[in-house]
Amino acid sequence: MNGLDAAITQYIDPYYLRIMILLGINIILALGLNLITGVTGQLSMGHAGFMSIGAYTSAILSMQFGFSYLMALLAGAAVAAFFGFLIGIPTLRLEGDYLAMVTIGFAEIIRVFFLNFEPGGKAVGLSGIPQHTNFITVWLIALLIIALNTRLLKSRMGRAFYAIRENEIAAASTGIDTTRLKILAFTAGSFLGGLGGGLYSHYMYYINPQDFGFMKSIELLNMVILGGMGSIPGTILGSFILTLAPEMLRIVAEYRLLFYGALLVILMIFRPNGILGDVRIYDLKKRWGRKEVKTCQS
Amino acid sequence: MPVLTLEGISQEFGGLRALDGVNMVVEEGEIFGIIGPNGAGKTTLFNIITGIYVPSEGDLIFKERRINRMATHNIARLGIGRTFQNIRLFNKLSVLDNVRVGSHGISRSGFFKSLLGLPSMLREEKEIKSRAEELLELVGLYDKKMEYADNLAYGEQRRLEIARALALKPSLLLLDEPAAGMNSGEKVELMKFIEQIRQEMKLTILLVEHDMSLVMTICERIAVLDYGRKIAEGPPEEIKNDERVIQSYLGVGA
Amino acid sequence: MFWEQLLNGLTLGSTYALIALGYTMVYGIVQLINFAHGEIYMFGAFAGLILVSFFGFNLIAAMLAAMLFCMLLGILVERIAYRPLRGKSSRLSALISAIGVSIFLSTLMALMAGTNTHRYPEVIAHQSYHLGSLDLSLMQILILAVSALLMIGLQFMVQKTRIGKAMRACSQDLDASYLMGINVNRVISFTFAVGSALAAAGGVMVGVYYNAVWPYMGMMAGLKAFAAAVMGGIGSIPGAMIGGLSLGIMEIMGVAYLSSSYKDAIAFGMLILVLLIRPQGLMGQKISKKV
Ligand SMILES: Nc1ncnc2c1ncn2[C@@H]1O[C@H](COP(=O)(O)OP(=O)(O)O)[C@@H](O)[C@H]1O
Ligand SMILES: [Mg+2]
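Chains as they are written, first to last, in numbering that gives the first Met the number 0: chain A, 0 to 297; chain B, 0 to 253; chain C, 0 to 290.
Just to be clear, a hint being listed does not mean it is correct.
[To be verified] Straight line, CA to CA, 35 Å or less: simulated DSBU-like cross-link-like pairs of lysine-lysine: (1) K128/B / K87/C; (2) K153/A / K87/C; (3) K144/B / K125/B; (4) K144/B / K186/B; (5) K168/B / K125/B; (6) K112/B / K91/B; (7) K285/A / K186/B; (8) K62/B / K285/A; (9) K121/A / K262/C; (10) K143/B / K284/A; (11) K191/B / K112/B; (12) K125/B / K191/B; (13) K125/B / K284/A; (14) K285/A / K201/B; (15) K112/B / K285/A; (16) K186/B / K112/B; (17) K186/B / K262/C; (18) K128/B / K201/B; (19) K62/B / K215/A.
[Stated by the list, open to error] To be clear about the criterion: a stretch of chain A counts as covered by chain C if any three or more of its residues have a C-beta under 8 Å from a C-beta of chain C, and this derived list gives those stretches: (20) 83-93; (21) 97-105; (22) 220-229; (23) 257-264; (24) 268-274.
Derived by calculation from the structure, the hints in this document are not laboratory data.
The model shown is predicted, which means the values in this text are computed figures rather than measured ones.
Glycine is no exception: its CB is placed at the ideal position from the N, C-alpha and C atoms.
Taking the hints into account, I'd like the entire structure generated from these sequences.
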């Protein structure tokens, strides 16, 4: 594995390598949020809060308590999941935008907490985090998460999550315990948020509470919505575009964010359900199939 | 044996008394009709039976078990399935998935089993799918199983809701205006269909419907609601000739 | 000391309320969290600043002009970024569009004015009045008076005028209002205009009072004002007023008596607490969903 990594670092330009690693991390983070918002329909605007919990927890555990990389990652994710669970219990009874507000508030509180958190270096942040995260680890984990997510969403549980998003009352009438499943989705999504945070802190070497502000949450939310709510390929595509967009937009230098903002508006006007919003492999097949039939007849 | 007993059910919304001391006993295996003008409280009654509202007063007994205050999903798991007057499908799920979700209450595989893809979960998935396909066959939607639910025509959506409710293997089925928006041919089909599933699936059916001929044809007993009160109950012939019913309801159309 | 803090809290709170009103009115009608609203407030602050510094406007004239400018800006934003989405997409895509506008506007201002903090020239005398042991600055009096005036005016408009009635009808049921022949698009434009004007007034006054205007000032103020709107019960106009005032008071009191390093957390902590106790917000109606 180390050999492989050495080979990769030798042959791939560090700039692209960095983008690919960040892409892998973003995919994990966005898939977590997708589970909460895209699939289950619970608008969360504070995903970066869970990310920061994972980032700080795992960094402190590996720096000060000698945790191995994997254990630190898992512990960070577990602590984030625990907070997701705690927050989830009372708040998931709130409807729609009230929930959104509470998630914003929670993430802000977490950020202010870390701004005042001695072991995390307060506003200065935490530096000297071992750089364990590399291309291989990120993508191994990302592929695993993608596979597990795919399996989950095709299962009884996954369908129940979608059903809650589509119509909560009808879902309950089929025997779905909507509250419990919403909490479950929130916990699992926070777990992935924490996992992504841990990967991030062990890659960046240095973290600071401002890395996990409201804009980060929004960026993650954009990834989920832009690609197509609830769809795994959509979320991956959204992560891809929004990880690359800032890089591509470097040519326009300081106008970068201006374009980014405009891009969001334009995309929503022309693809309101996200880029892959209503696209299903089944429909594509059918369309191609029909074309064949037509050419046969003509 | 009574399947469902309502004892003095009342429901208040703000100042409005949508239901007022309703008593009712539904016997096993019968098709029981509930009629009454718009706003009489029929849908509210269904919402109380399925735990969406907690009744302000009264008791609700299903198979010798008190179910008022029980959560909607637990009531469903006891075997009470329903459809909605204003259709509530999972619009952005396929027709097949709508029915598969319907069996949630009678299947087991949880979160971790699903993640790991254990054999027992895969076996259950197969069962769920084949049963869903059978039900789609039964309601004549098999060919559309991959369509999004909201792409179906209105009548098809109503049938899909019934298939979804049946996926729960209910012993009591609540149908809220299943014939709304159907033409007379479709209504005849629907009547046959309701009779068929009652026989084959050993169902007790509670039916809210505006179409008088439909109700009078297939219901063994009928209760009439008016302004939240039950003003009559009995077999169709009796209801047809009841003074108060004619005055407050049937008279309007006649 | 306590009364002094209460006064400071009321002053801050009335600016939150002015911004919160825009959120709540728009939300009440189109169920959109207008994330660009904070940026409208920021543009208002800058518009006032420019008029005062370069065109010699006095404070009140600058405020009125900034309000007018932001009305147009609000209408423009709605036209370009929200209207094309209305009816054909989920509320979440409209939300993303709003976020896009917010990023666009704050970056635009950062490009034009730089990211530094700008200061208003002295537009109002540093004069204070004594009310018993209480020190009231002229600016505080102005903020309280102007906010009160605007809120009373708003309440009058919503309750008594034709357009106000149309607004209320639209917030009850947009589709039904349309069927009844109300020009829904006009009402929505008008709502954005009014909300933006109130935010602009808030922006100018905050800019002068705290003597600081910068391109990213809209974000935190916007978040807190939204929190205030939600706390009061989103969609409710009196709710936004009460939510804004109580948030301002709680924040100032929290800083005074607890800790200033947790300033931003206090507002959100209180909000969460309120929602846990009263999920529909302070003044919100508890709606039992019809099934
Ligand atoms: N959630 C609710 N909140 C307030 N009023 C309601 C609610 N649900 C039903 N109602 C009222 O209760 C009455 C009975 O309604 P409903 O049961 O839907 O009538 P039906 O189904 O017989 O036409 C109506 O006046 C209706 O407006
Ligand atoms: Mg009804």
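- Hint check against the structure, violated hint numbers in rising order: Violated: hints 8, 11, 14, 16, 17, 19.
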